[in-house]
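Protein chains: 2
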Amino acid sequence: MSRMFVPGPVDVDDEVLQAQAQPMIPHRSKEFEEIFRRVSEKAQQLFFTRYRVLLSASSGTGFQEAAVRNLVNKKVLSCVNGAFADRWYDVAVSNGKKAQKLAFEWDEPVDPGRVAAAVKAGGFEALTIVHNETSTGMQNPVKEVASAVRAVAPDTLILVDAVSSLSGAKIEMDAWGLDMVLTSSQKAIALPPGLALAAVSDRALEKAKTVENRGWYFDLLLMEKHRLKDSSPATPAMSLIFALDRQLDRILAEGLEKRFARHSAMAKRVQEWADAHDLSMYAPEGYRSQTVTTVKNERNIDLSDLNTFLKQRGMRIANGYGPLKNITFRIAHMGEIQMGDVDTLLEAMEEYLQK
Amino acid sequence: MSRMFVPGPVDVDDEVLQAQAQPMIPHRSKEFEEIFRRVSEKAQQLFFTRYRVLLSASSGTGFQEAAVRNLVNKKVLSCVNGAFADRWYDVAVSNGKKAQKLAFEWDEPVDPGRVAAAVKAGGFEALTIVHNETSTGMQNPVKEVASAVRAVAPDTLILVDAVSSLSGAKIEMDAWGLDMVLTSSQKAIALPPGLALAAVSDRALEKAKTVENRGWYFDLLLMEKHRLKDSSPATPAMSLIFALDRQLDRILAEGLEKRFARHSAMAKRVQEWADAHDLSMYAPEGYRSQTVTTVKNERNIDLSDLNTFLKQRGMRIANGYGPLKNITFRIAHMGEIQMGDVDTLLEAMEEYLQK
Chain A
0 MSRMFVPGPV DVDDEVLQAQ AQPMIPHRSK EFEEIFRRVS EKAQQLFFTR
50 YRVLLSASSG TGFQEAAVRN LVNKKVLSCV NGAFADRWYD VAVSNGKKAQ
100 KLAFEWDEPV DPGRVAAAVK AGGFEALTIV HNETSTGMQN PVKEVASAVR
150 AVAPDTLILV DAVSSLSGAK IEMDAWGLDM VLTSSQKAIA LPPGLALAAV
200 SDRALEKAKT VENRGWYFDL LLMEKHRLKD SSPATPAMSL IFALDRQLDR
250 ILAEGLEKRF ARHSAMAKRV QEWADAHDLS MYAPEGYRSQ TVTTVKNERN
300 IDLSDLNTFL KQRGMRIANG YGPLKNITFR IAHMGEIQMG DVDTLLEAME
350 EYLQK
Chain B
0 MSRMFVPGPV DVDDEVLQAQ AQPMIPHRSK EFEEIFRRVS EKAQQLFFTR
50 YRVLLSASSG TGFQEAAVRN LVNKKVLSCV NGAFADRWYD VAVSNGKKAQ
100 KLAFEWDEPV DPGRVAAAVK AGGFEALTIV HNETSTGMQN PVKEVASAVR
150 AVAPDTLILV DAVSSLSGAK IEMDAWGLDM VLTSSQKAIA LPPGLALAAV
200 SDRALEKAKT VENRGWYFDL LLMEKHRLKD SSPATPAMSL IFALDRQLDR
250 ILAEGLEKRF ARHSAMAKRV QEWADAHDLS MYAPEGYRSQ TVTTVKNERN
300 IDLSDLNTFL KQRGMRIANG YGPLKNITFR IAHMGEIQMG DVDTLLEAME
350 EYLQK
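Sequences listed follow chains A and B, in order. The numbers in numbering that gives the first Met the number 0 rise by one with no breaks, and the one at position 284 of the first sequence is 283. The numbers in numbering that gives the first Met the number 0 rise by one with no breaks, and the one at position 144 of the second sequence is 143.
Keep in mind that the hints are not guaranteed to be accurate.
No distinction is drawn between identical chains; accordingly, a pair holds when it is met within one copy or between any pair of copies.
Unchecked claim - Under the rule of at most 20 Å between Cα atoms (straight-line distance), these lysine to any residue pairs were calculated in the SDA-like manner:
#	residue 1	residue 2
1	100	212
2	208	89
3	310	27
4	354	304
5	41	311
6	73	208
7	169	285
8	169	115
9	73	99
These aren't lab readings, by the way, just hints derived from the structure by calculation.
Please work from the sequences and hints to get the whole structure.
Here you go:
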């Protein structure tokens with residue numbers, strides 16, 4: 000099988016691809032409700048939560064919109080050190096919220112102290128933070144940020160985008176005190192795109208009751224009302240839910256701790272390879288993603304040419320994102336990627352560099 | 000193959016189900032952009048439009064939300080004679096719009112004269128109307144409504160939900176002067192759910208530029224900006240787009256006029272069967288859906304028992320919707336259903352009634 004070392008949409012296991020091709024059944028039937036229920040229950044384990052997991056026929060950005068539309072009347076603090084955190088800020092502004100950007104350099108992690116100071120000063124109803132920046136390979140210290148915020152403003156809701164890390168890195172929603180954690184199907188969970196998942200705390204749902212103009216499609220209270228009947232307000236993305244049902248079994252059969260360790264070991268291997276080839280990482284030590292490694296292109300590799308070379312061997316990596324194009328490249332190691340695949344990739348890159 | 004005579008999610012052809020199972024490729028690649036472009040272009044034929052067709056990773060309700068959020072600053076007239084028209088009204092209200100409901104009995108078509116009078120009196124920026132009410136089997140006279148409205152208020156945008164009819168009944172967007180026509184994948188188009196399509200006129204997009212608080216996920220201007228690059232703002236529902244690509248080829252190979260005629264003939268057959276069995280139709284003559292027939296349960300058939308009987312023969316029909324449960328039943332004849340399937344169903348129902 001050829002491998003894509005790109006940060007999503009990632010390669011999907013054949014059996015999971017096939018699970019999409021099951022015949023349709025009515026979505027308001029006992030048969031489908033049973034699938035909906037067991038998928039939501041299994042998904043709770045990925046979030047380490049006792050709270051409900053909601054499913055949406057949308058990309059992860061849909062739940063970014065749901066988060067700000069449902070949980071913020073006016074003021075939200077947007078922690079931004081990458082492209083997807085910045086998108087969440089844009090989402091908040093375009094939904095009429097007073098979003099205040101707390102900006103960091105893209106190669107700096109979000110700093111818990113600065114966040115706590117901003118929250119203390121600001122009277123924010125919620126803050127948004129991206130756990131794993133797909134654009135930079137930065138893993139932000141969400142646990143520490145949550146802890147610092149709780150100490151100064153315990154009512155501030157903590158909303159976390161874990162689009163490219165959930166199920167690849169351990170995120171303990173309840174233990175860390177998070178209020179909404181969202182992810183999408185086509186990254187570390189390794190499904191095709193079109194499905195988003197979000198775990199939502201009780202106090203977040205209580206807050207939603209006080210927020211006007213939540214809309215319909217992403218109304219968390221409406222989703223919760225239907226979830227209690229093992230259903231969804233609008234027709235769900237059934238083929239993706241069939242696939243999720245199968246994939247959750249595969250993920251849980253691997254074991255979450257083993258899965259996290261696999262991702263972490265692959266990240267380490269890529270980092271060591273880069274070090275050995277005089278290439279440094281974009282994110283600082285201690286804050287490097289377990290699912291995607293961003294390497295500074297300090298040897299001025301022609302990335303387009305490198306990818307042409309790799310594609311002849313059935314592989315591809317990703318160029319840097321937006322302003323980081325050509326000056327960085329990204330090697331994703333999430334979902335179905337195994338250490339053997341990473342070794343094969345790195346050997347091919349070695350060969351390319353020695354040409 | 001067993002057949003579901005239910006108004007969506009409907010049976011999907013095996014080849015189309017399988018098209019979903021293609022391996023993933025990066026969505027921002029020439030390869031996927033080519034698929035995105037050709038799908039949008041082929042889809043224009045279904046809408047009889049020269050305007051763009053946008054794709055959304057959502058159910059059809061997502062585009063109901065997009066319509067009111069993008070094309071209405073304040074006042075919208077909601078024509079309501081069924082459950083899904085009523086949902087669109089709810090969607091408008093929950094998005095903070097001043098929606099005024101123009102209500103008809105559920106067994107009455109939307110009346111062009113009353114709509115024109117309401118529009119003339121009201122100063123509405125847009126009106127919403129459902130072409131084919133899945134809940135009642137009513138086909139509303141959208142062409143006549145549009146014409147009547149143009150005569151009295153030419154600037155009022157005409158927004159049409161064609162969720163359960165597009166590609167099963169002829170809707171000529173440009174010739175009728177419609178501004179947005181939306182549909183979803185799991186009805187007459189016969190794909191799995193999770194994808195929505197909408198054709199949007201130039202003047203609708205011009206109007207959107209004047210509307211505040213359009214949000215991000217369903218921002219039509221953002222979608223259009225990306226469409227011009229054969230892409231979408233957020234990650235698209237790729238496996239469903241692979242399937243749509245295949246299904247559009249199948250639909251166009253059948254030929255649109257032949258496809259409409261097939262649906263129309265199946266509707267007529269079901270109507271004649273009902274007539275012959277002393278069962279009358281819920282919708283009046285001249286306004287009956289080509290894709291789903293709602294029959295009054297005047298013989299007090301135990302519908303649950305009937306479906307148990309039918310399921311033993313690999314078929315099922317749908318009960319009445321909401322308040323029409325048990326007092327009506329629905330036989331859908333859309334998507335892959337052929338006249339031979341309808342005959343098989345009606346023979347089995349005949350057998351059941353003679354028991």
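Hints versus structure:
no.	hint	verdict
1	100 x 212	between (23 Å within a copy, 19 Å between copies)
2	208 x 89	between (24 Å within a copy, 17 Å between copies)
3	310 x 27	between (44 Å within a copy, 16 Å between copies)
4	354 x 304	within (12 Å within a copy, 73 Å between copies)
5	41 x 311	neither (39 Å within a copy, 32 Å between copies)
6	73 x 208	within (14 Å within a copy, 24 Å between copies)
7	169 x 285	within (15 Å within a copy, 60 Å between copies)
8	169 x 115	neither (23 Å within a copy, 59 Å between copies)
9	73 x 99	within (11 Å within a copy, 27 Å between copies)
In summary, the structure is inconsistent with hints 5, 8 from the numbered list given earlier, while agreeing with the others.
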